[in-house]
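Trainee: What follows is each chain in one-letter form.
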Amino acid sequence: MSVGKKAVGSVANYMDERVGAAKWMKKTLNKVFPDHWSFMLGEIVMYSFVILLLTGTFLTFWYDPSMRIVEYEGSYEPLKGIEMSAAYASSLEISFDVRGGLLMRQIHHWAALLFLAAMVAHLLRVFFTGAFRKPRELNWIIGVGLLTLGIVEGFLGYSLPDDLLSGTGVRIAEAIMQAIPVVGSYISYFVFGGAFPGYIFIPRIYIVHVLLIPGIFLALITAHVMLVWYQKHTQYPGPGRTEKNVVGYPMLPVYAAKAGGFFFIVFGFTAFLGAVAQINPIWVYGPYTPAQIGAGSQPDWYMGWLDGLVRMAPPLETYIFGVTISWNILIPGLIIPGILFTLMALYPFIESWITGDKREHHLLDRPRNNPNRTAIGAMSLTFVLVTLINGGNDLLATNFDLSINQIMWFTRIGVFVLPPIAFVVTKRICLALQRHDREMLLHGRETGRLVMLPHGEFIEVHEPLSPEKAFLLSSHEQLPALTAPEEDSRGVALPRGLRNKLRARWSSANAEQIDKPTADELKEIEHH
Amino acid sequence: MSQLSRYRNHRFARPVLLAFGLLLAGGLFSAANAAAESLRAEPIAISADKSTLIKEGKEIFNRGCSSCHGLNAEGAGAAPSLIGVGSASVDFQVATGRMPMADMSQQAARKAPLYDEYETAALAAYVASLAPGPASVTNEELAWERDGNAASGGTLFRNNCAMCHNLAGQGGALTKGKYAPTVMGVEARHIYEAMITGPQAMPVFGDKIISPEEKLDIIKWIKAMESEPSLGGASLGRVGPVTEGLLAWTLGLGLLIGIAVWLTAKAK
Ligand code: HEM
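Heads up: the sequence lines are chains A and B, in that order.
In terms of the working numbering, the first sequence opens at residue 1103 and continues consecutively.
In terms of the working numbering, the second sequence opens at residue 2 and continues consecutively.
Calculated directly from the structure, the hints in this document are not laboratory data.
Everything numeric in this text was worked out from a predicted model, so none of it was measured.
We treat Cβ as the ideally placed atom computed from N, Cα and C, and that holds for glycine.
Do not rely on the hints blindly, as some may be mistaken.
Distance ranges between label pairs, derived from CB positions [stated by the list, open to error]:
| no. | chain 1 | residue 1 | chain 2 | residue 2 | range |
| --- | --- | --- | --- | --- | --- |
| 1 | A | I1323 | B | Q201 | 49 to 55 Å |
| 2 | A | A1277 | B | E75 | 46 to 52 Å |
| 3 | B | L232 | A | V1327 | 36 to 42 Å |
| 4 | B | A103 | A | L1436 | 45 to 51 Å |
Here chain A is said to cover these stretches of chain B; the calculated rule only asks that three of the stretch's residues, wherever they fall, bring their Cβ under 8 Å from a Cβ of chain A [unchecked claim]:
| no. | stretch |
| --- | --- |
| 5 | 215 to 226 |
| 6 | 234 to 243 |
Using the sequences and the hints given, assemble the complete structure.
Mentor: Following this line, the structure appears as structure tokens:
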């Protein structure tokens, strides 16, 4: 044994004798990770979070969270001598007078956009494959919490430079706060420490942005990842993969090498974006003053759908008991997002209530094998997309020669009509794919090769499926629909309440499937 | 050269070369851009005397404009009377190609001008002879480079213009298919004339609201924005977060997912 190895060995021994880590390490290092690209989405989220922490820390060295009015004396000519908040001035300083500052600002912002985009993609993966089912409901809820926090964190970060564009966003946030009946104006006064914009808002959101939310993030991400660790990964179905095992690579060396490499790729790529693509050029927008506003003001994309909802609301207000309730802000700004996020958080429980399936699941669903869930996902995506389109309505109008009013009406109607259409179409597509799977199992793969039989007939050669493929297409289970129970376990007749009826309706919709070939049918083909 | 080739196999050689190549490509691109930008017609000196100019203007008007604006510019149907709009309005409308209007759409769009500088001046002189109105200006008369102040121009722009033309002057949508166009790449005199005549949905900014000196400030700011190199990388149209979000989702996440697929692909 070389001297080096000996040294390492004795250090390891020393540590093991004090902390007894060897057993834990061995278990950990042998932990198996499934190998599928969609499992890396969560990693992209985690890595961009690390990038955000690093670049954000850099920015705090120069950023001055203060709304004190200063006269700009920096090196950006078109703003020289203009009065602005110290927050804006210091953001300009970072951009123009701090070495590498602009690069860091841009990496930070690109990482934030990627962070949220990857989080949504990760959520979609978890949703469409049914990875949220028992025992992972809790982790799903943590995930919804992370997404909500991510949106808030992004919005606050976007507001910190105190430029005219982000200030416009804060103004809208204030309008939403004020729209809350009765307490709205108090909340707004409390948040802004007086009348908007006041002098305290930036220092407050600064602490929330750099300390409070990142702290909660760290705690939640740790809990989230520990749960994945402890519960093990889900995996896609396939031969040799069961509800009781995980097939994949061990932590060391394959997985660690891949994951480590991937971190550097994500970091490198984000840095590349920060170096070549301008993002949020705050100097162009000017300092925030409540009197000014710009055409085409938009929030970052993760708030864009909310902005689109607010924009499409018709002017609705009621006046009762001396207070005005602005439904046009309250409904799109608070009520609809509130309902959506609550439904999203509760979805695992809603689904298991409908299916009556309370078992643990470690094998993922192929999206087509759960047409209802897939259709619900497509429906929700369509909803968000339509609202997102309206969020950019002014840009679409000018760039594609459309009228803003046309887009407004298209989305106002579309937001009600298109999601249900997406539901129906997606469900049909899933069922068609199931039918295709069934055909494949029964008749094999069409090769496109024509053969002439001795008596002159042409037939297309069908190749039998490989056993792996056949397994993949047929291993899923098809749950029967629940029927509303007529009587309880002791034979007492149950009132057939609305709840039970609803559940039976949904359950039978959920159970709509193309039957897999039965064992008999499959056997019959083998005799062909 | 041998000095250089010594470093050929240095481990930083490739990244440095790559960076150099990117820089070169970027430099060439912006040079080409700048060259394209500078291809703008310079005004020619107009030497004809006033009365011939007016007479010629009347002839051009009869041929090209009277079908809509009436034989005596008194207006007809959708086309307004031009009596009293002044030479500024004509110079703005004709030299930016808006008039003659191509089709009766929501808004006369900017296009390549149909008339040259001389004909435009003749038209302007004719319309100005009908009744007094705001007078056109030449680029040379506007000493914005000397007298303007970009910083206060920026503030004025944000106060008076940004609600229609966007904070970065990139233009924005108005209701019913109308729009405020970008103010980038517009000649100084047309910026000035737009302010004093208020074309279509744009309000008139008389000298009481924005003084002539302040107008020069605004022009200076617009020109500063126009010539500002895109700091911090390729500008994504300066239209704000929409293009940024699009890029994050497509190129950004798309590429990372591509790499994830590649990393997890089974070695065959
Ligand atoms: C800060 C944001 C987040 C981070 C850093 C993060 C990170 C991760 C990581 C690294 C994994 C394991 C690898 C993977 O399956 O991709 C994971 C799994 C999981 N995440 Fe997230 N995630 C975040 C947000 C979310 C969101 C928004 C949701 C859903 C609402 C969610 C739900 C889940 C679930 C249910 C699992 C377990 C999936 C499985 O084992 O197959 N996470 N997360």
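Trainee: Would you say the C-beta atoms of A:I1323 and B:Q201 sit inside 49 to 55 Å of each other?
Mentor: Taking Cβ atoms as reference, A:I1323 and B:Q201 lie about 54 Å apart, which means the hint holds.
Trainee: Could you tell me whether the CB distance from B:L232 to A:V1327 stays inside 36 to 42 Å?
Mentor: Roughly 38 Å apart at Cβ, these two residues keep to the hinted range, so it holds.
Trainee: Regarding B:A103 and A:L1436, is the given constraint of 45 to 51 Å on their beta-carbon distance met?
Mentor: holds, 47 Å
Trainee: The stretch 215 to 226 of chain B covered by chain A? Criterion: 3 or more residues, Cβ-Cβ distance below 8 Å.
Mentor: holds (count 3)
Trainee: At least three residues with a C-beta closer than 8 Å to a C-beta of chain A: is that true for the stretch 234 to 243 of chain B?
Mentor: Since three or more residues must qualify, the claim that chain A covers the stretch 234 to 243 of chain B holds, with 9 doing so at under 8 Å.
Trainee: Could you check the hint for me, namely that A:A1277 and B:E75 are 46 to 52 Å apart, CB to CB?
Mentor: holds, 48 Å
Every hint, counting from the list given before, is met by this structure.
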